[in-house]
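Enquirer: For the protein sequence lines, the chains are A and B, in the order given.
Note that the working numbering numbers the first sequence so that position 15 is 15, with each residue one more than the last.
Note that the working numbering numbers the second sequence so that position 27 is 27, with each residue one more than the last.
Hints in this document: simulated from the structure, not taken from any laboratory.
Incorrect hints may appear among the rest.
Per the computed footprint, the stretches of chain A lying under chain B, defined by three or more beta-carbons under 8 Å from a beta-carbon of chain B, are [to be verified]: (1) 11-18; (2) 21-33; (3) 69-78; (4) 94-106; (5) 141-154.
Note that beta-carbon positions come from the ideal geometry of N, C-alpha and C, so glycine has one too.
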Amino acid sequence: MGSNAPLICHLCGQEHRAIRLEPGEKALCVRCGAVLAQGVRSGSNTALVFAITGLALVWPATLLPFVSAGKLGAERISLLFTGVRILWNSGMRTLAVLVLLCGGLLPLGYLVILAVLHAPTGLDRQKYCSQVLIRSAIGLEHWAIPEVQVLAVLVAMIKLGSIVNVAIGAGFWCYCAMVFSLLIAQHTSRFNSTVPLSAAGATGAAVPS
Amino acid sequence: MSLRLAGARFKNASTAAALALAAAAMLVPANLLPVLTTETYGQSRSDTIFSGAVELWRQGLWPIAVIVLTASMLIPVLKLVGLGLLLLGARRGASSDSRRLTRLYVAVDFIGRWSMLDVFLAAFLAGLIRFGELATVVPRSGIVAFAAAVVLTVLATQAFDPRSLWRVAPSSSS
Numbered sequence: 001m002g003s004n005a006p007l008i009c010h011l012c013g014q015e016h017r018a019i020r021l022e023p024g025e026k027a028l029c030v031r032c033g034a035v036l037a038q039g040v041r042s043g044s045n046t047a048l049v050f051a052i053t054g055l056a057l058v059w060p061a062t063l064l065p066f067v068s069a070g071k072l073g074a075e076r077i078s079l080l081f082t083g084v085r086i087l088w089n090s091g092m093r094t095l096a097v098l099v100l101l102c103g104g105l106l107p108l109g110y111l112v113i114l115a116v117l118h119a120p121t122g123l124d125r126q127k128y129c130s131q132v133l134i135r136s137a138i139g140l141e142h143w144a145i146p147e148v149q150v151l152a153v154l155v156a157m158i159k160l161g162s163i164v165n166v167a168i169g170a171g172f173w174c175y176c177a178m179v180f181s182l183l184i185a186q187h188t189s190r191f192n193s194t195v196p197l198s199a200a201g202a203t204g205a206a207v208p209s
Numbered sequence: 001m002s003l004r005l006a007g008a009r010f011k012n013a014s015t016a017a018a019l020a021l022a023a024a025a026m027l028v029p030a031n032l033l034p035v036l037t038t039e040t041y042g043q044s045r046s047d048t049i050f051s052g053a054v055e056l057w058r059q060g061l062w063p064i065a066v067i068v069l070t071a072s073m074l075i076p077v078l079k080l081v082g083l084g085l086l087l088l089g090a091r092r093g094a095s096s097d098s099r100r101l102t103r104l105y106v107a108v109d110f111i112g113r114w115s116m117l118d119v120f121l122a123a124f125l126a127g128l129i130r131f132g133e134l135a136t137v138v139p140r141s142g143i144v145a146f147a148a149a150v151v152l153t154v155l156a157t158q159a160f161d162p163r164s165l166w167r168v169a170p171s172s173s174s
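Please work from the sequences and hints to get the whole structure.
Expert: Structure follows, in structure tokens:
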């Protein structure tokens with residue numbers, strides 16, 4: 001996409017003319033103050049690197065013991081989606097699907113999309129396909145919320161401390177690392193929701209057109 | 001035309017208002033019905049969101065109680081109040097408050113996800129605490145209503161078009 005394409009603020013619709021940004025600089029909408037574009041401070045492959053790291057961590061996070069709990073000699077090891085299975089078997093299937101999606105499948109999909117979008121030839125080959133992926137990535141931002149699941153597990157472990165003996169497993173650490181990678185990839189991505197799609201791929205700032 | 005603008009046809013104030021009202025309705029059973037039942041040594045105790053947080057406070061776990069209360073009670077209510085203000089602002093169109101309301105929209109959009117805390121918490125506890133007679137945690141119907149309320153508030157925020165806060169109202173013909 002050419003750098004002459006206007007930047008349209010996604011919050012108020014104000015059009016701006018694109019100009020080049022220095023690393024770390026932000027272009028703000030003159031009308032509503034929203035961030036229109038950011039000069040990339042980190043390397044251009046940062047998002048790709050962290051997206052691939054996150055993808056590599058998904059499998060150990062899913063397969064390794066997440067948390068174990070013991071009480072009077074009895075021990076129970078929980079995996080990432082053990083709760084989803086219990087909810088499903090309890091008849092709360094919609095809830096099970098929601099937890100599976102928001103805590104597992106959608107973050108995975110988001111990482112895949114970020115990796116494809118930032119792959120060296122990802123954008124130029126299929127422009128239409130890339131636009132669909134960008135739209136999907138922005139849509140997934142609202143529903144891929146593994147960081148909330150991490151907070152929930154920490155709250156649960158503190159809550160359970162007085163009832164059972166709780167031990168953190170390797171799966172939980174892998175999941176935390178995966179969440180960290182996803183957040184960095186999202187933050188350094190050229191295609192997050194702070195950058196309007198008309199400017200995606202261009203290093204542009206904004207002045208009123 | 002940008003993709004975001006192309007997607008704008010799915011956004012309108014009446015859809016957002018309908019979803020917000022549905023979310024408000026779902027918050028009633030979500031707060032009245034038990035979300036979790038804990039069975040320990042044959043004794044059963046059911047907790048609503050509020051009573052669970054109060055119990056945490058009584059046990060001295062007040063930081064956790066504050067987190068649960070904020071995520072599960074305060075944020076959904078604040079989101080609905082914020083959406084109400086945004087819908088009123090959208091009806092009025094561009095005004096001196098448009099910039100402030102746009103910031104409110106960004107805040108409402110950001111905080112929504114944290115309400116899912118209780119849903120993840122219930123799923124995690126139900127999966128981990130299954131020791132038969134010794135201790136078992138069972139999710140109850142309140143958590144389904146709560147999850148529905150959270151999903152509806154997120155959908156309501158997505159259905160709201162923030163650019164409607166900046167539209168100049170058509171002048172009335174004389």
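Enquirer: How does the coverage statement for the segment 21-33 of chain A fare against chain B, requiring three or more residues with Cβ below 8 Å from a Cβ of that chain?
Expert: This one holds; 3 residues, not fewer than the three required, reach chain B with a Cβ under 8 Å.
Enquirer: Check whether three or more residues of the segment 69-78 of chain A sit with their beta carbon closer than 8 Å to a beta carbon of chain B.
Expert: holds (count 6)
Enquirer: Taking 8 Å as the C-beta cutoff, is the stated coverage of the segment 11-18 of chain A by chain B satisfied by three or more residues?
Expert: holds (count 4)
Enquirer: Count the residues of the segment 94-106 of chain A whose Cβ falls closer than 8 Å to any Cβ of chain B, and tell me whether that reaches three.
Expert: holds (count 7)
Enquirer: Holds or violated: the segment 141-154 of chain A covered by chain B, criterion of 3 or more residues with Cβ-Cβ distance under 8 Å?
Expert: holds (count 8)
The structure agrees with every numbered hint stated previously.
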